[in-house]
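Number of protein chains: 2
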Amino acid sequence: MNDTVDPTEIAGAPSEKTRLRRYNWLAKYDRDTINAIIDAGIVCQVGYVIDGMPYVTPTNHWRIDDFVYWHGSSASRMLKAQQKGIPVCFTVTHLDGIVFSRAAFNHNIQYRSVMAFGEAELCAEEVKRRALATFTDRLAPGLWDYARLPAEQEWKATKVIRMRLDEVSAKVADGLPSEDEEDYQSDRWAGSVALKMVQLDPVPDPKLRGGIEMPAFVRNFRYVGVK
Amino acid sequence: MNDTVDPTEIAGAPSEKTRLRRYNWLAKYDRDTINAIIDAGIVCQVGYVIDGMPYVTPTNHWRIDDFVYWHGSSASRMLKAQQKGIPVCFTVTHLDGIVFSRAAFNHNIQYRSVMAFGEAELCAEEVKRRALATFTDRLAPGLWDYARLPAEQEWKATKVIRMRLDEVSAKVADGLPSEDEEDYQSDRWAGSVALKMVQLDPVPDPKLRGGIEMPAFVRNFRYVGVK
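Taken in order, these protein sequences are the chains called R and Z. Counted from 1, the first sequence has number 13 at position 13 by my numbering; the numbering is strictly sequential. Counted from 1, the second sequence has number 214 at position 214 by my numbering; the numbering is strictly sequential.
Incorrect hints may appear among the rest.
Computed list of lysine-lysine pairs in DSSO-like fashion (alpha-carbon distance at most 30 Å, straight line) [what the hints assert, rightly or not]:
#1 Z/Lys17 with R/Lys156
#2 Z/Lys227 with R/Lys196
#3 R/Lys128 with Z/Lys17
#4 Z/Lys196 with R/Lys227
#5 R/Lys28 with R/Lys227
#6 R/Lys196 with Z/Lys28
#7 R/Lys156 with R/Lys80
#8 Z/Lys196 with Z/Lys156
#9 R/Lys227 with R/Lys196
#10 Z/Lys207 with R/Lys196
#11 R/Lys17 with Z/Lys128
#12 Z/Lys17 with Z/Lys28
#13 R/Lys227 with Z/Lys207
#14 Z/Lys156 with R/Lys196
#15 Z/Lys207 with R/Lys80
#16 R/Lys80 with Z/Lys156
#17 Z/Lys156 with Z/Lys28
#18 R/Lys28 with Z/Lys196
#19 R/Lys227 with Z/Lys17
#20 Z/Lys156 with R/Lys28
#21 R/Lys207 with Z/Lys227
#22 Z/Lys17 with R/Lys84
#23 Z/Lys196 with R/Lys207
#24 Z/Lys196 with R/Lys17
#25 Z/Lys156 with Z/Lys84
#26 R/Lys28 with Z/Lys80
#27 Z/Lys207 with Z/Lys156
#28 R/Lys28 with R/Lys17
Rather than coming from a laboratory, the hints here were simulated on the basis of the structure.
Extracted from the complex, chain R is given alone in its bound form (with noise of 0.2 Å):
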């Protein structure tokens, strides 16, 4: 591997703390490719610092714009963090597949990932109202409107954080790996599995009461992250 920093490949790194420095090759920075990996899940790890220790909390996310958002129970120990403003760490990961080579030290997935270094901000109350309903729409358009608007105190109980997509790199791996030029004369097989995720027909609750007509929200639902 080259492990080498080519200068061309790290133009528009939007900080030093976000440039690739490890197979930078793989590094993009626009912005396109960046929301489109975040728009293709609706699952994120976030991670903050509470009296020096590291915390990962995995959550959904969704954007809007150039900030990612997050919610959760007001009483939260991570909001509750994070409402101050604290430097988090924003990651998205995709696993596309698996890579199978020639040499031991080439095996490798392929995926597509985001990491975003910011400060968590707590939304003031209409912004979170509006982010919710974006959020819910986003998920499966028309959601927001069909199901039971929050109670107030169901608001009062949810907090939505966000934070603005400054310093934010993207890594997509999607080929196959370069081999020694000896690897690739031997007998040894090498190519790659594919994994994707797919969504079953959706299930109504057990509890449903008869005669309710399954919404055109949920026969045309499509999980973002379903390709």
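Guided by the hints, dock chain Z onto chain R, whose structure is given.
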């Protein structure tokens, strides 16, 4: 939602830090459940602190007995920091489905996750070599003996970190949310859409020399995350 802590639910939490406070009825502390969630994937997120700032790195992981392992380049920032024995937070998350509820507040996801706190430990050379062989063979039984073994400079370029699973908890959300009684009586549909990982057929490397047959471990390959 019930935000009070039910003491019967938290029996078994190995420490105050790993005791689930939010949604504590989803908590699992038994090692079989925890191990199964860790073993059902090969991508984890490792959180750590450098100069007071949070970092989360997605990386491959595997488990041997009571340790989780990950590896990387000897030159990696993450591994250089972690080999000093710093505190880390190890997480694995699997998304299993989307839950549509009658009330907007109750939409949810089905998932399995593990969170573990511990200290990173650099593996000695012998432990490292055995651990990487175990990882490779667990991914695809027979893969280690098939591929060209690492040369000495390749071994030198790789470090393995491990962490003992002491402070660890899991969360398993596999049901439908409980809704308010009046919501059950509404005319709104509720239910779930399961998501699952599938694998596609193996694709040979376009650079593969003619006449090389696909080995059995590839023909029989089954990714651990495919149910």
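### Task
Assess, step by step, whether the Cα of R/Lys196 is no farther than 30 Å from the Cα of Z/Lys28, and give holds or violated.
It holds: about 28 Å lies between the C-alpha atoms, which stays within 30 Å.
### Restraint check for R/Lys128 with Z/Lys17, where alpha carbons must lie at most 30 Å apart
holds (29 Å)
### Task
With a cut-off of 30 Å on the C-alpha distance, tell me whether R/Lys156 and R/Lys80 pass.
holds (14 Å)
### Query
Going straight from one Cα to the other, do R/Lys28 and R/Lys227 come out at no more than 30 Å?
holds (21 Å)
### Query
Going straight from one Cα to the other, do Z/Lys156 and Z/Lys28 come out at no more than 30 Å?
violated (39 Å)
### Task
Take a quick look at whether R/Lys80 and Z/Lys156 sit within 30 Å of each other, Cα to Cα.
violated (44 Å)
#### Entry: Z/Lys17 paired with R/Lys156 [C-alpha distance capped at 30 Å]
Since the Cα atoms of Z/Lys17 and R/Lys156 sit roughly 26 Å apart, the hinted pair holds (cutoff 30 Å).
#### Entry: Pair hint outcome, R/Lys227 versus Z/Lys207 [Cα-Cα no greater than 30 Å]
Between R/Lys227 and Z/Lys207 the Cα gap is close to 27 Å, so the pair holds against 30 Å.
### Message
For a C-alpha distance cap of 30 Å, please report whether Z/Lys207 and Z/Lys156 respect it.
### Response
holds (28 Å)
### Pairwise hint evaluation, Z/Lys17 against R/Lys227, where the allowed Cα distance is 30 Å at most
Since the Cα atoms of R/Lys227 and Z/Lys17 sit roughly 38 Å apart, the hinted pair is violated (cutoff 30 Å).
### Query
Taking 30 Å as the top limit, are the C-alpha atoms of Z/Lys207 and R/Lys196 close enough?
Satisfied, since the Cα-Cα distance of roughly 24 Å is no more than 30 Å.
### Message
So if I understand the rule, the pair passes when the alpha-carbon distance is 30 Å or less; does R/Lys28 with Z/Lys80 pass?
### Response
holds (24 Å)
Checked against the numbered hints given earlier, the structure breaks hints 8, 14, 15, 16, 17, 19, 24 and satisfies all the rest.
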